[in-house]
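Colleague: Using the hints, position chain B against chain A.
Protein chains: 2
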Amino acid sequence: MLSDRFEADYLLETPIEVARAAEIIAGEQSSGTFVAVPGETPELKERSAARVVALEVVEEVAGRSLPSGRGPHPDERVTRARMTLSWPLTTTGPSLPNLVATVAGNLFELKCVSGLKLLDLRLPPAFAEAYGGPRFGVAGTRTLAGVHDRPIIGTIIKPSVGLDAEATASLVGELCEAGIDFIKDDELQSDGPYCPFDARVAAVMRVIEAQADRTGKKPMFAFNLTGDLDQMRRRHDTLLAHGATCLMASLNSVGLVGMIELARFAELPIHAHRNGWGYLGRHPMLGWSYVAWQKLWRLAGVDHMHVNGLDNKFSETDDSVISSARTCLTPLFPDKPCTAMPVFSSGQTARQAHGTFAALRSTDLIMTAGGGIMAHPDGPGAGVRSLREAWDAAVAGIPLDVHARSHPELRRAPGVAA
Amino acid sequence: MLSDRFEADYLLETPIEVARAAEIIAGEQSSGTFVAVPGETPELKERSAARVVALEVVEEVAGRSLPSGRGPHPDERVTRARMTLSWPLTTTGPSLPNLVATVAGNLFELKCVSGLKLLDLRLPPAFAEAYGGPRFGVAGTRTLAGVHDRPIIGTIIKPSVGLDAEATASLVGELCEAGIDFIKDDELQSDGPYCPFDARVAAVMRVIEAQADRTGKKPMFAFNLTGDLDQMRRRHDTLLAHGATCLMASLNSVGLVGMIELARFAELPIHAHRNGWGYLGRHPMLGWSYVAWQKLWRLAGVDHMHVNGLDNKFSETDDSVISSARTCLTPLFPDKPCTAMPVFSSGQTARQAHGTFAALRSTDLIMTAGGGIMAHPDGPGAGVRSLREAWDAAVAGIPLDVHARSHPELRRAPGVAA
Chain A
2 MLSDRFEADY
12 LLETPIEVAR
22 AAEIIAGEQS
32 SGTFVAVPGE
42 TPELKERSAA
52 RVVALEVVEE
62 VAGRSLPSGR
72 GPHPDERVTR
82 ARMTLSWPLT
92 TTGPSLPNLV
102 ATVAGNLFEL
112 KCVSGLKLLD
122 LRLPPAFAEA
132 YGGPRFGVAG
142 TRTLAGVHDR
152 PIIGTIIKPS
162 VGLDAEATAS
172 LVGELCEAGI
182 DFIKDDELQS
192 DGPYCPFDAR
202 VAAVMRVIEA
212 QADRTGKKPM
222 FAFNLTGDLD
232 QMRRRHDTLL
242 AHGATCLMAS
252 LNSVGLVGMI
262 ELARFAELPI
272 HAHRNGWGYL
282 GRHPMLGWSY
292 VAWQKLWRLA
302 GVDHMHVNGL
312 DNKFSETDDS
322 VISSARTCLT
332 PLFPDKPCTA
342 MPVFSSGQTA
352 RQAHGTFAAL
362 RSTDLIMTAG
372 GGIMAHPDGP
382 GAGVRSLREA
392 WDAAVAGIPL
402 DVHARSHPEL
412 RRAPGVAA
Chain B
2 MLSDRFEADY
12 LLETPIEVAR
22 AAEIIAGEQS
32 SGTFVAVPGE
42 TPELKERSAA
52 RVVALEVVEE
62 VAGRSLPSGR
72 GPHPDERVTR
82 ARMTLSWPLT
92 TTGPSLPNLV
102 ATVAGNLFEL
112 KCVSGLKLLD
122 LRLPPAFAEA
132 YGGPRFGVAG
142 TRTLAGVHDR
152 PIIGTIIKPS
162 VGLDAEATAS
172 LVGELCEAGI
182 DFIKDDELQS
192 DGPYCPFDAR
202 VAAVMRVIEA
212 QADRTGKKPM
222 FAFNLTGDLD
232 QMRRRHDTLL
242 AHGATCLMAS
252 LNSVGLVGMI
262 ELARFAELPI
272 HAHRNGWGYL
282 GRHPMLGWSY
292 VAWQKLWRLA
302 GVDHMHVNGL
312 DNKFSETDDS
322 VISSARTCLT
332 PLFPDKPCTA
342 MPVFSSGQTA
352 RQAHGTFAAL
362 RSTDLIMTAG
372 GGIMAHPDGP
382 GAGVRSLREA
392 WDAAVAGIPL
402 DVHARSHPEL
412 RRAPGVAA
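From first to last, the protein sequence lines stand for chains A and B.
Numbering of the first sequence is given in my numbering, commencing with residue 2 and proceeding in unit increments.
Numbering of the second sequence is given in my numbering, commencing with residue 2 and proceeding in unit increments.
Chain A with its partners taken away, still in its complex shape (with noise of 0.2 Å):
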């Protein structure tokens, strides 16, 4: 790829003829009409125009993806290909949100177009001169959390709403009681009237705070500052005041202007929540794959992205949760690699570390369990050492049930015991 232009890959769907097809949708994201109009020289379009610089087809299948408002055919096919598209870098600058509205712009809507996911994105590196990228990333987050040469174990607050601000911080002393490393606000749980954000903050880091004098270790708790643009910054200075040392923000709420305006004033690593993702990514032929999508945020400045996890409760594979744990760790530019920490959540227990470190080969990553932890029947410390056990084992190779014989908390963990 040249340096002076960015490229977008696509799963296309078409009734139509691919080639055809491909050209509409260059044409659409460039000059942006279907007719040459005046004005429109050669010499414009060729240093103007989105480029298709592949399309192979992938398959011939019967009936469209997406409903077309004439409706198609009742015995029509459709044909599917990878399509590559590429324009000058000139037609945006190094701009996110002007990126966006040209690889993710009015074509998905086009005529032509029964389907058509966004698989990946490449960027020139005047986009790794114009944003930050991760402040923290893995580094500055383990450094913050006091945690090495292991995942970081975590957990989430429940109920999710409801508790009050002194309610969260008793809970928050029996995780720190039971060697958390990681704690994490909901992403309902912002700034409610039953739950104010400033009280929690102080309850919950007086609890941090002690136990950080008492062990020498500070667990890392990511609070959910996610609101319009001045509350966020108000409430990023309540944290700083209070010792905080994460914070957490709902990427689909904010939305891109906001992460890269809140990854600009942040004094702390930014925890993001990818809630609403579904509605990007789940239809296979429509929307976003979260490789194209991941990379927006990383280079806007987020340090954590959820991955979901093995063997979770939603409706995601397993295959794809380790897709998007790898391109999180995959550098984004050989001089910044903006990596950003997955995180593993949802129904996770000590059961699924090996399958997660046989697939990723990392301990660079937040694992955070729920039940995994506070059901387990010696309580919750129990329910963190076995995590932490579990790791251990599958870092260095010994079966999980070889493991379990040796380490009681790990035999009857969640997940672990019949």
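Simulated from the structure, these hints should not be mistaken for lab results.
Among the hints, erroneous ones may be present.
Same chains, same names: a pair is fine if it fits in one copy or spans any two.
[Unchecked claim] Mimicking DSS-like on lysine-lysine, the simulated pairs with C-alpha atoms at most 30 Å apart in a straight line are:
#1 Lys337 <-> Lys219
#2 Lys46 <-> Lys112
#3 Lys46 <-> Lys337
#4 Lys46 <-> Lys314
#5 Lys314 <-> Lys112
#6 Lys112 <-> Lys219
#7 Lys112 <-> Lys218
Note that the structure is predicted; figures quoted are calculated from it, not measured.
Modeller: Using the frame of chain A, we list chain B on its own:
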């Protein structure tokens, strides 16, 4: 609906019993876990849990709309139902970003969900107090554009990218000459090096101010200032300094928090471009309905909302377009209507005026035409006049072909001439 709760309507599809699926979704979006946890007392649940307040089976169909990780039975039947969930306002407070995480969060990914469309939202008055809504809306836009008692007739600069500032201004001069009311940048055109924002504003506003001096009417130009927050602030001030009367921003590029912030500082009407809407709304069983989605932006402060157009070049049906336009003109709150002007575009010509007026019974709209104006055989001036004449006829109840007999520009207009 009570004033201390908010509600969301969904179309749900599930392979399991619908009442059970509804309870799982309500649980995930409040207490946030599938099992009761310590601390989740009946009192807390009563106070904080989401409630299923309506659930009505619509149909049973064969096969899932969305794949699930574990795959369906081949002969499976799924149930579709309309579902209404209700949350206490105390969950989130009157916060749009936290509302989004609640009504459109993790629920789309649940295993029991094989399809989920957010159909509508009902918000208590506290939201009207927390957010400004459109500062200009229909009345303010009409005053600035100097257009009353008929639709605002507009167009878009084409080619979308590639023209420099002077070439753009020269095209604007032609369009002013033609009597245009409104012109907009393309969503791909923001601040690229071939047509920098500042140079474009200076060159275009010189032409527009000259037109205003000559005729007393100042055509409205919506300059696309989409970018990072500091860039949008700076570009907004440039617009003010040059006497511009409208700004444009891409909703899905800027995102919710960025748009809320833009609306707080903007002193000009906000023309909102919906590019990317296809990935949010095109699948009938996934994501957002336009009705629900546009409420967020209107409350945030958007003045003009894109709704596509009748007989458009995209895949959307006419019914869907009209439903979108109607919803923009429907008050959000009795005391604070937050009405936004719907913007019709895509393949619009004099031919669509009658159908649009018949369905909408209003002229409070912007209709933008490209070829419908520029491709008129008698030139763009005749193109603009043909659109006005078509609307005159539609409002007066005169059939298009009757009016065309006495109005040669209408008779020869693109889409009208045989």
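Colleague: Could you tell me which of the hints above the structure violates, numbers in ascending order?
Modeller: The structure breaks hints 3, 6 and 7; every other hint is satisfied.
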